[in-house]
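Sequence order for the protein chains is F and C.
Residue numbers for the first sequence follow this note's numbering, beginning at 1 and rising by one.
Residue numbers for the second sequence follow this note's numbering, beginning at 1 and rising by one.
Calculated directly from the structure, the hints in this document are not laboratory data.
None of the values given here were measured: they were computed from a predicted structure.
Ideal Cβ placement from N, Cα and C applies to all residues, glycine included.
Among these hints, one or two may not hold up.
A partial selection of chain C residues facing chain F, derived with a Cβ cut-off under 8 angstroms [claimed, not checked]: (1) Arg5; (2) Ser28; (3) Thr31; (4) Pro47; (5) Arg74; (6) Tyr76.
Pulled a few chain C residues facing chain F out of the computed Cβ check, cut under 10 angstroms [to be verified]: (7) Ala12; (8) Glu13; (9) Ile16; (10) Pro22; (11) Asp24; (12) Cys25; (13) Phe32; (14) Arg34; (15) Lys42; (16) Phe44; (17) Gln48; (18) Tyr49; (19) Arg50; (20) Ala75.
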Amino acid sequence: MSQNNPIAPIPLAPVAAPPLPLTTHQVASGLAKWAISRGLLEHLPPDVDATYLDAVGPIQLSADAEQILRHKEIQSISYNSTSKTIFIYTKKKVTLKDQQTLPTNVRGNGIAYPQGQIDTIGKHLGSAQGASYALHKAATGVQFYSCGSSISPGNDASAGTMGALVRLADGLIYGLTNNHVSALCSHVQPETPILAPGVIDVGAGVLPPFTLGFHVKALEMKVGSLGNIDIAGNLDGAIFRINNVASVSSMQGNAFDTPIAVADPVEGMKVEKVGRTTRHTKGQIVSKELRPIGINYQAQSYGFTGIIRFANAFTIHGLQSDFSSSGDSGSLVVQVDDHGRPIAAVGLIFAGGPDSMAPGGTKSLMLPLRPILEAFGATLIGGHNV
Amino acid sequence: MSSDRADPVIAAEHLIQVIQPPSDCAVSISTFFRPGRALAIKVFIAPQYRYLQSRIPSTMDGFEILQEVAPLARAY
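My request is simple: use the sequences and hints to build the entire structure.
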């Protein structure tokens, strides 16, 4: 071969570069995107999906695998980068026979199919965002346990929120919260101690728990569907007698004093609340339920689960993030004016659920306060140890 | 609200007649407030009844109907 007359190189068909290996997170993201695109997995709000899913395309599984996973109902997809394993959680059990069809390895990552349901019912308490309670320091220097702080029955590992102080016809002062917080869905015996902070919030370096009060009465919450029960009387409210009125304040955390006026909630109303988990938050009432809404309840220590329907619930969206979260049940919702000044109390937070249109992705559900107060014959207390 | 709109409660009843949910926990129907815009109606559908999505109209009695698939709310 003459070096002066080189042979033109023969054009070769382009060789596809081997695909770059994907990380476990990328593979899990690809599988999640496929599952979402096929309606097998709930999609989250676009910004949330963009945050948690890597920028890869969907990774498709076979039609047979899709059919099995559709039947088994995917609950969530998670991964472990260290073990290079992706977990596809299903509601129904994936059998050995199913696993003969389902892939056990995708792009070098093992695939496991555990059975498990996430975020179904009951109290999945979130960690409090900061302290789970507030001590209000009066001008005298004395500190008082504030409304909007953590409570629970003394014999249950839970926590909810003391919404307000109220006075009954007997002239005594009571704490107001949800039935499911202090009476565990009507299961707690009257005169059971109510602890503050709630049992689950007890720990080193925080306020030692003390007996804030004693459970007195819970409003009715009947389990059952329309036509079988009268749901009109279902109200998630309870009161406990304050043990030492000198130890509590009507302040909502350290944010504002409890207004003594009560107003009926309407859509568009600006509201605020102080609660055990998310503390002081601002929001807006966006919805009124037009038909009875079913709420999942659980009182684990009594083996109780059930759907309880309510005739008159309202939805609140937080202004920039969730208005409330697990553990905020019982929080007093207060109407505020355009300057954020409290005007009147309007309701109690009692539940929540996913809502793609809500900042934070979660809606808060509130029951109107007036029927609850009327059922107890109670009036709100303000100006107490403020 | 325009004058041709019904009461939202009546619109919700009409929606139920159209959707025909098999369970009273299959859907929840509420008003939906949007600042500066007309009140809408929002339908939440429980995931196991996802197939009902196709039965939900875009309007009912003058109300825009929004819809979303989401699990039942839970007490917390």
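task: Starting from the hint list further up, note which numbers the structure goes against and sort them upward.
output: 1, 10, 18
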